[in-house]
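Colleague: Following the hints, complete the assembly by docking chain B onto the known chain A.
Residue-level listing of the chains:
Protein chains: 2
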Amino acid sequence: MKDYIVKDPWKIIEDTFKQEYHKVTESLCSIGNGMIGHRGNFEEYYSGETLQGNYIAGIYYPDKTRVGWWKNGYPEYFAKVLNSANWIGIDVWFGDIRLDLNHAEILSYKRELDMQSGILSRQVHLAIHHIECKISTERFCSYVDKEIGWSKYSIESVNYSGPITLESFVDFNVRNQDANYDENFWDFHCQHIDVEWGHVFCKTKKTDFKVCAGFKSKVEIDDQISADKCCSSSERKVGHIYSIDINGGQLVTLTKCAAIISEFHHGDVRLTDLCREKLDQATQEGYPNAKEKHKKAWLDKWIQSDIKIEGDISAQQGIRFNIFHLNQTYTGTDSRLNIGPKGFTGEKYGGSTYWDTEAYCLPFYLSTATSSVAKNLLIYRYNHLQKAIENAAKLGFSDGAALYPMVTINGEECHNEWEITFEEIHRNGAIAYAIYDYVNHTGDMSYLHDYGLDVLVAICRFWKQRVNWSNHKEQYVILGVTGPNEYENNVNNNWYTNYIASWCLRYTMDCLSNLKGNAEDVYDELIGKLKISPDELEKWTHIIANMYYPYDENEQIYLQQEGFLDKEIIPVTEIPKAENPINQHWSWDRILRSCFIKQADVLQGFYFFEDDFTDEELSRHFDFYEPITVHESSLSPCVHSILACRLGNIDKAYEMYLRTARLDVDDYNNDTEDGLHITSMAGTWMTITKGFAGMRVKEGLVTFDPTCPENWSGYSFSIQHAGQLISITIKSELIILKNHDENAVRIKLKEDIFELNGLESKTIVLTR
Amino acid sequence: MKDYIVKDPWKIIEDTFKQEYHKVTESLCSIGNGMIGHRGNFEEYYSGETLQGNYIAGIYYPDKTRVGWWKNGYPEYFAKVLNSANWIGIDVWFGDIRLDLNHAEILSYKRELDMQSGILSRQVHLAIHHIECKISTERFCSYVDKEIGWSKYSIESVNYSGPITLESFVDFNVRNQDANYDENFWDFHCQHIDVEWGHVFCKTKKTDFKVCAGFKSKVEIDDQISADKCCSSSERKVGHIYSIDINGGQLVTLTKCAAIISEFHHGDVRLTDLCREKLDQATQEGYPNAKEKHKKAWLDKWIQSDIKIEGDISAQQGIRFNIFHLNQTYTGTDSRLNIGPKGFTGEKYGGSTYWDTEAYCLPFYLSTATSSVAKNLLIYRYNHLQKAIENAAKLGFSDGAALYPMVTINGEECHNEWEITFEEIHRNGAIAYAIYDYVNHTGDMSYLHDYGLDVLVAICRFWKQRVNWSNHKEQYVILGVTGPNEYENNVNNNWYTNYIASWCLRYTMDCLSNLKGNAEDVYDELIGKLKISPDELEKWTHIIANMYYPYDENEQIYLQQEGFLDKEIIPVTEIPKAENPINQHWSWDRILRSCFIKQADVLQGFYFFEDDFTDEELSRHFDFYEPITVHESSLSPCVHSILACRLGNIDKAYEMYLRTARLDVDDYNNDTEDGLHITSMAGTWMTITKGFAGMRVKEGLVTFDPTCPENWSGYSFSIQHAGQLISITIKSELIILKNHDENAVRIKLKEDIFELNGLESKTIVLTR
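These protein sequences, in sequence, are chains A and B.
Numbering that gives the first Met the number 0 puts the first residue of the first sequence at 0, with every later residue one more than the last.
Numbering that gives the first Met the number 0 puts the first residue of the second sequence at 0, with every later residue one more than the last.
For reference, chain A alone in the conformation it holds in the complex:
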């Protein structure tokens, strides 16, 4: 764990240059706008340890699979988000001395990410070979025009008089550090440079994604525009070179505008022309205007999604950091995009979609944005349905059964560990659950017959074939699976999997029967289109009624899987400190046969399907499973925290909250340098809203059952519900509900329903 970021409610500040944490800070200071993004790399040359990263949403490369031992059914490749053109680069030379913070004496230093406005800046006072100067930088990826990035780079000479050279460039000589076979993923197409502008145009190998990265730049010396500019061009790199004679006290400012134009977002047009047009438009508007618009867009975003915490600046910084990155990663305007595990902050794990999206991220976007954003996440999977059916077919399933991939970008499976790829099939359940979640939140029933039921029926067909009748048990069983707890592989009858499989069948049948009741013609059409026979529905019913759930009469708990109680049940507290985390200290077999749980598994089911169980049942299961859960997935603590809130165990809930709230800011797991844990950030958001605030949507009504952690004096947040913006402020003694909309709204608080008129707010004093 690290503790070098200055505590601030709105900013991430590194106030001395920590070279040893540079890659961590690069990750923390990543900026993006859902379309383009990059790590917080320095503009100028840096010879120290760095992970260069510039990314474009949707642009990926199918990197050839690397395995030790091939198993039949493994995918040929792993789709990876690509490192793309570096457009922030500005090289600085004082005579023949190159500016390099790795070899400079740092006199003062501040790197600052302003999350409120989405602007990354840096102030450095440094000396290099007796040349003393001050650098001041500022840059952003426009939240308004999402293909445009701006950078402003100033150098003030303190004591130096002499030649200074600035090269502002776009460089497409980039690699992915985690490429399986050290391949270059880009083919060169063309490049151009003149005094007006420059661009490099490349396309990805195999996938043929065309990307044109262009720039314009200008330099001012003490506010006077300098015309001394010449052009540079080398392989995949073009630049403007400014050679200036500077005197002590003079200020040189380079302003750079970049446009990253990709065929993915524009189709088959002349990308080069478009790139030039975009640059012309942007530079005509100018840096100050662009910056103001950008800031305004971020402020608007914060109105919808901010969480304010009073009395705990560290918690405040943590939650805003999470919300900021969620809003940078995904904006929900393109249903081909999704939420990669590292967003625009790193390249590890590929930039692909996991079940995290449905299980953890969807609620955030459902509550903090218009419903079209969440809907696009669902449409993403709908568009992949055919590939999910093909994926299932590869594994021997037929008749339109769909198995969604464990990891994907384009709908095809990328993952290559049999115990995950082939066996972690509960992901299908999460995709169905997301449909339920969306419909429940939005009331958008039309989604079901337009899109949802196609997916649900295909998933049901998978479960129907994936269960088998056990003559021995005279029930249906699901053999050979990996549950959410990936510290168990290839188990039989994982309770969560069996439960969600059965739930999928149940929910789909409910949807069908509702549809039949409400719109028989639509129902008939759908039944015809999907070729659903009465026999099929009968079989589903039979499975629902006869599914086996491992249960121990003695403990009165559902077992994570069959035979779980043959393990030695030891609390996590008995693991020697030096052996934590166990996944870094124990061999895999030892982890597997231990009782220790990586992330919520049975409890994930209790979270999803909370209304199916009494508080007493929950309490019994929580008390059994929580002490043996090591939470070695960043996705785990939020679920435990939410459940602990329901049980009134706020201390436990807060303990769990702390485990993820500042996961990246404090580099808890020593891996933030690879990039941030984007999807788990949504879990932290849920811990506050669904946990502490007890927010639920039931029968179209937003309900709260709030509590306030002891060391917070209060907290508040806004949500979007049915197109209306509502906010809630929770303090230990009172609750303030506010309707930001013109129309009235009903909100349930614990057992009481409050009606708020347009723009009305209500304060409710809590009685103990």
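The reader is advised that the hints may include incorrect statements.
If chains are identical, the list can't say which one is meant, so a pair holds when it fits in one copy or spans any two.
[What the hints assert, rightly or not] Dumping the calculated DSS-like pairs for lysine-lysine here, alpha-carbon to alpha-carbon at most 25 Å:
no. : residue 1 : residue 2
1   : K70       : K576
2   : K393      : K576
3   : K277      : K145
4   : K347      : K63
Just so you know, these hints were derived from the structure itself, not from any lab.
Since this is a predicted model, take the numbers as computed values, not measurements.
Modeller: Relative to chain A, chain B alone:
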């Protein structure tokens, strides 16, 4: 399946050049002597598909592990047998036309491996660019001086008059085709060439094995030695070049002697000098003498290990092929060597030791060679004990517990699939069983206190820690294992594993208690040395008495693992033909959750521990498991065949026998081109001796309970027992026992004991 090898009792003959099967024939025609060996590559340049392979026993390279997803505990490398210097190479040019069978017109062709004498030869009549000639080659790896190889290469011109050039060389420009990262595994040390001799000296990277490959050659033209020789030298390659003017009808013969000298076998001496000395000695003796001695050595070997089958030439060829390769691969003179899965016939899987050695190969060497050969196989593991203890320590075990590697060359684990590496722990049982097998066969009790008990106790300590007490079952369980049937991974309570674990404890305690009874002082010393406490022995006893064995009361069978009967039990016959073998057609998860068994698992236990079960029990288990066994391991059918013999089901036994007897000769699995299935060859030998002939050793007595497959008119074989050579001939109506030794011997035939005087033979007529 292919059927192009000419049926012959002693030879492998390819009588037309099958280019498409060239790599298969190269594998089949591999020759070796336990120290050096190579594939049946052509001497001259060949531009077609070929797998070049020259190997030296014990010389390996630690190839960096390649995995998709690293698991804690994986080994850093996979030890691979190395492709070493090519010494057979002879390049031939007619003017500027290079001899290349890939571009020649083949007028007649015969490649022949004489297994009786261990000589590989070839006769080719060919035309290339209107040049007609006859090539005749012969070569062998001396079975007498095991570092010497000989090659004789003749060209008879039919119609060609003109210059002919022969280059005889040693070439160390070699690679392993299955290198994980395409690395070159050899560093160059030095090389030398003069008209007398030449050598190339390289050493392996990382492991530093030094190898000097030298050669001498001479050329005769129509029996006249030619002196026209010049030297060639290029990077890692030296040669003699003979430029001759030849006339139609003339015969040119090149004789080449090579010496492959390795530090592994000689320690720190001047390998170059030694190489030269060896060459001088060998060439002084000359080709004809060396060949005669070599043939004699093979004939002697055959006296000990031949199996004759009458009335079935195909079966005869198959079994001799297997015996031949077993005797080529391992000769038992060096306890650092073992039986790699491909021997000297290919590089796949590394050249490492699996549990195959103990479970399948040991019986062959126990019965066909002096006991020192089998003993060396045991000493190999004894010498690796410390590394097995370290291996277990890496996985969290302590107090001297040993887990032998799944795959090894030097005692360290090489394998990197968690479900095998960490979980296929029954291999420890096979290593203990081999000690039992050896002591039972040889009566060599001293082995136990000198070596065996150290290994047994360390294995028991592993089992003691690997079991855990199930509060739920109130018995000991073994969770998370892979049994012999690798089509199940990470199962709980694999019956075979639980059984052999308990047996290890039982056998070790028996050995200790015998030792106490017979030599209390030795016992006390051992107990002191191994620090065995009464508590420890008590714990072992408790485990033996309270081990859990999954059993189904209804079927009255032991279950392969817990929950096995939750599967759909479908006979193999119902798998659609097009989906066989399932491991090439089904995804891994589908295989795992199916009932289908790759290789004997419960039945492996019934084979090892046959006296623990009644015929009726065996019959019940055989009838349950045999129909669901797909035998997709070449190690499987032999066990089923032996058990079927015990049950009197000779048809089934013969069906199973046929599945492996000609596995490689007929390229049954379409993978012989990668090399031969050496370890499964021993299984075929067992099928005849332990299966059809019902051979067992019990209480020091060799017993037979023979039967004869219907389409054989008879069969016979010899075995070594207690230093005496005994042979048995089995025909449908009579048995002939023969004592080849001067001393009397007792042999049990079914229920009767026969005493045979020195050199006596007895014919027993069978009554029906």
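Colleague: Would you mind marking each hint as holding or not holding in the structure?
Modeller: Results for each hint:
1. K70 / K576: Answer is between; shortest inter-copy Cα gap is 21 Å, intra-copy 37 Å.
2. K393 / K576: between (44 Å within a copy, 18 Å between copies)
3. K277 / K145: Result: close within a single copy only, 11 Å intra versus 77 Å inter.
4. K347 / K63: This pair counts as both: shortest intra-copy Cα distance 15 Å, inter-copy 22 Å.
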